[in-house]
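J.: Residue numbers (my numbering), protein chains in the order written: chain A, 191 to 557; chain B, 1035 to 1156.
Just to be clear, a hint being listed does not mean it is correct.
[What the hints assert, rightly or not] Ranges between beta-carbon positions, derived for each pair:
| # | chain 1 | residue 1 | chain 2 | residue 2 | range |
| --- | --- | --- | --- | --- | --- |
| 1 | B | 1064 | A | 196 | 28 to 38 Å |
| 2 | B | 1150 | A | 429 | 33 to 43 Å |
| 3 | B | 1079 | A | 215 | 49 to 59 Å |
| 4 | A | 204 | B | 1078 | 45 to 55 Å |
| 5 | B | 1064 | A | 393 | 27 to 37 Å |
| 6 | B | 1036 | A | 390 | 57 to 67 Å |
[What the hints assert, rightly or not] In silico lysine-lysine, DSS-like type, Cα no more than 30 Å apart, as pairs:
| # | chain 1 | residue 1 | chain 2 | residue 2 |
| --- | --- | --- | --- | --- |
| 7 | A | 538 | B | 1083 |
| 8 | A | 538 | B | 1135 |
| 9 | A | 239 | A | 556 |
These are calculated hints, taken from the structure and not from any lab test. Where a beta carbon is used, it is the ideal one built from N, C-alpha and C, also for glycine.
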Amino acid sequence: MNDTSSINHLPLEQLHVDAGARFAEFAGWNMPLSYSAGVMQEHLHTRQKAGLFDITHMRLFEVSGTEAAQFLSRCCPIEADQLQTGSAKYTFLLNTQAGIIDDLITTRLDSSRFLVVANAGRATEDEAQLRSIGSSFDCRIELLERVFLALQGPMACKLLEALDLPAGGLNFMNATEPRPGWLISRSGYTGEDGFEIALPVSEAEDFANKLLSNDAVMWIGLAARDSLRLEAGLCLYGQDLDEQTDPRSAALMWAIPKSLRQSGQFIGADALRALISGDLKMKRVGLKPEGRQPVRAGTDLFDKEGRKVGHVTSGGFGPTVGHPVAMAYVETGYAAMGAELIANVRGKDIPAQVHALPFAPHTYKKG
Amino acid sequence: MAKIYFTEDHEWLSVTDGVATIGITDHAQEQLGDLVFVELPEVGKTVAKGDPAVVVESVKAASDVYAPADGEITETNDTVSADPALVNKSATGEGWLWKMKLADESQLDGLLDEAGYKAIIA
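Please work from the sequences and hints to get the whole structure.
T.: Below is the structure:
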């Protein structure tokens, strides 16, 4: 999107300007890329204390109605009717070939209401898919207007409790609606314990300022959000996932319940069953390049004989682990831990090994 | 006495006796953010004006640093290979990148002085 006239602005943009944000356009939004502390400090601060992220560019769809659960079980490979109130699941919208239209978090709010959190860059495709399927069910799909913030890091829970939010009562992937128009979920995109908070636009500035009045909290931009999620081994749609990639190749089958793989009636189920019984060609893996040089998205990977066997989809430097980190799709013969590959960067061969994901351990509170 | 030049590509040159010491400007390091890797050229390599001579990589992206003139690389700053953050700390001092023997000093005539450079980043 190069048409700057249609660019979306965050409701809290002025707060980011005041915090010294450097902005960049991302998925149609004018987003803080980094702040005056810089990406390295922002990244480390999140792992050590608490980082505050403005993720209002993510789209929040509320799905409600007597057939909301049946509808979501048709859209996504989840058992929405069995999801408990306050539970959240990582899932997908799949196309009929089982390609990933988007990856989502679906949360059950009560017996007939769910929240679907979608990526900004896929909001149009997601909404079209949801509405097209939704027309056959008794349900409503509503785009919520909220500010959406994430507070991530080891101090996040105490900081929210100090503001009278029931953070400590939640385990990872649990959510609650503590006040009208608010949702707090113990989840995130950094690998750290942390929370995502949707709240009314009118209350957001006050809430953010209260958090920021504590020295343990600083704003974190998209650049550090990217390095944090990459160290955590989490996929970025558009880089690590796309409509040509299925959940099996993406090593995301853990998100699909076994019973559904056999008998689920979600869109893409037949194609996924065919993929499961067939040979897996390419698989997503972690990759650790030797030395200090980052190996970035788009880099081709070769075996010792110089045959191309894969490509990097996300790559950069991991400030916490202190070395370059990457994710790649490689032929399954090269997907085992420790498999030796060669990354060609600007004509130079850099040895790289297949590495376990995540690079930095998750610190989720699983109860 | 060294003569200082700037380029529109956000490099600085300090020229003494036909040898230029070259680095990126403080403005450039600020824009790039924390550097994590610097790829330096081989000493003895000849470069033409506009060739990518060095690659500096931040957490987020890789960027070329261009040769501001024709010449031969005479020295590189190995300290910044070991500690790329030195470029952020001291872009115009200890964080210099390479030295080159200039083939034709008249190529520098079109470059900016400090006031001219400050005007373009203002």
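J.: Sort out whether residue 1083 of chain B lies within 30 Å of residue 538 of chain A, counting only the CA atoms.
T.: The hint holds at about 23 Å.
J.: Has the hinted range 28 to 38 Å been met by the Cβ atoms of residue 1064 of chain B and residue 196 of chain A?
T.: 29 Å, holds
J.: Checking one constraint from the list: CA of residue 239 of chain A to CA of residue 556 of chain A, max 30 Å. Satisfied?
T.: 19 Å, holds
J.: For the hint 49 to 59 Å, verify it against the beta carbon of residue 1079 of chain B and that of residue 215 of chain A.
T.: 37 Å, violated
J.: Starting from the range 45 to 55 Å, see whether the pair residue 204 of chain A and residue 1078 of chain B falls in it by beta-carbon distance.
T.: Holds: the Cβ-Cβ distance is about 53 Å, inside 45 to 55 Å.
J.: Between residue 1150 of chain B and residue 429 of chain A, does the C-beta distance stay in 33 to 43 Å?
T.: 40 Å, holds
J.: Using the Cβ atoms, figure out if residue 1036 of chain B sits within 57 to 67 Å of residue 390 of chain A.
T.: 60 Å, holds
J.: Should the hint that residue 1064 of chain B and residue 393 of chain A are 27 to 37 Å apart at their CB atoms be regarded as holding?
T.: Given about 34 Å between the Cβ atoms, the range holds.
J.: Quick one, are residue 538 of chain A and residue 1135 of chain B close enough, alpha carbons at most 30 Å?
T.: Between residue 538 of chain A and residue 1135 of chain B the Cα gap is close to 26 Å, so the pair holds against 30 Å.
Hint violations for this structure: number 3 only, all remaining hints satisfied.
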